[in-house]
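Asks: These are the residues of each chain, in order.
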Amino acid sequence: MAPRQGIAIRLAWPLKTIFQRFAFVALIVLSIALLFLGKANIGVIEGLRTTTTDVMTPVLATISQPVDAFNSAVNKVQKLTDIVEENARLREENARLLKWQAVGRALSQENENYRQLLNALSDPLVLPITARVVGDSGGPFVRTLLLNAGRDDGIRVGQAVVGPLGLVGRIAETGTRSSRALLLTDLNSRIPAVLEKSRHKGILVGDNSASPTLEFLPNNAIVVPGDRIVTSGDGGMLPAGRPIGIVASVTERAIRVQTFTDWSRLEYVSVLRYDLPGMSSPDENPGDLGESRLDDK
Amino acid sequence: MTPTIAYQINRLLRGSVPFAVTMLLALLSVVPTGINGFDIVTPAFVSISVFYWSIHRPYLMSAPLVFLLGIFSDFLTGAPLGLSSLMLLAVHGIALSQRRIFIGKSFLLTWWGYFLVAFVIAMLSWIVACLYSLTFIPLMPVMTQFILSLLVFPFFAWGFGMLQNNLLRHT
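Residue numbers (my numbering), protein chains in the order written: chain A, 1 to 297; chain B, 1001 to 1171.
Don't read these hints as lab results, they were simulated from the structure.
Be aware that a few hints might be false.
[Stated by the list, open to error] Covered, in the sense of this in silico footprint (three residues per stretch, anywhere, with C-beta under 8 Å from a C-beta of chain A), are these stretches of chain B:
1. 1061 to 1070
2. 1075 to 1089
3. 1135 to 1141
Glycine included, each C-beta is placed from N, C-alpha and C at the ideal position.
With the hints as extra help, turn the sequences into a complete structure.
Replies: Structure (structure tokens):
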């Protein structure tokens, strides 16, 4: 290649090096500028981000399918090995749950009767949208999930995300076909919660560790490890009474909460469309059935 | 003596292999694995790739491409925008300036080089992330990620070496 180089190219060579150096420094400065700009939630950047996730979600869904298939195959084999014990345990549990079912039915009927006597308002309808988890945080600095459902499916920022066992987090960003859920373990997560038994209210604060802390409890609140924690519904964005976890440890410094959700096995989650009449704007959180796709079918 | 179009397309496709592979690795690093806690400590595949190609094919892994890869992975992971691009550019810069030391030497030296670079990057990204959110972020996951990245480095380097020998021999 060298013999064919003309004089112009030979002269341009140092220029190219200078240009490359300059580009490198400029890009570093740009990255730092982006870090600062990112704090300001600029519309264009948000738009670019959601467009990227919209485009990449189908790709991720395709890539994650074989991984999911492999995992479920491994699970099946694992289950096969202790199928007899499992069956015996489930029979026992079923017998116990049947008793609970009878109790539950009686209580629910009783509750209904009291509601009618008091003319109490019932909670508004909660419509779940089930979405597949196609991406996780992939790094140590954030705790998020990428879901393959977005604004077109009725998902809005702020809605609650629940898994099979309990609350997972809230929606932080929406694209047209994808959305990002902020897990309740993330540094930026704040969830209004209540101690199920004593009804003392607090805020569940994430700190990027596996167990979030319960803060802002009243001073006279008595908390013991094992207490169940559920959503309080304060603020009107999350439905009340959804299970979150149990108190794991109480120390001078913090009350740590063990979440019910098994973070490694979230394949599908439900996003709850929920609307308190008169409290949330329909543009931000359309909980009514009118916009839902379920009606069309 | 202009090369034919077919030859140029061929060259272009071969030349884009390092970038395409790194894109794919960025995607793979967010795929849920179902392994408990792995999502937090997923090895930094992208940084391994950027390090390798910056040493062996620097003109196919130029600074603008590294920047784009960083932005892309920040978009995917939801991390503070610019964090990955800043760190990857640092990896690129260090690797490029020291590439004479690594080229043609034993693999162990490259591995040692990655150890140093990855450690610096892990600490730096941790400090930047702490400053960004103005809180103390647990250091443990960052260090675990660093160690895992170090452990998988030989496998990736081997794979990239195969790619380089088969597809990029003459580019």
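Asks: Against each hint, give a clear statement of whether it holds in the structure.
Replies: The hints, checked one at a time:
1. Residue count for the segment 1061 to 1070 of chain B with a Cβ under 8 Å from a Cβ of chain A: 6. That meets the three needed, and the coverage hint holds.
2. Given a C-beta distance limit of less than 8 Å, the hint that chain A covers the segment 1075 to 1089 of chain B holds, as 12 residues qualify and 3 suffice.
3. Here's how the segment 1135 to 1141 of chain B fares: 4 of its residues keep a CB closer than 8 Å to some CB of chain A, so the rule of at least three is met and the hint holds.
Hint check: no violations occur; every hint is consistent with the structure.
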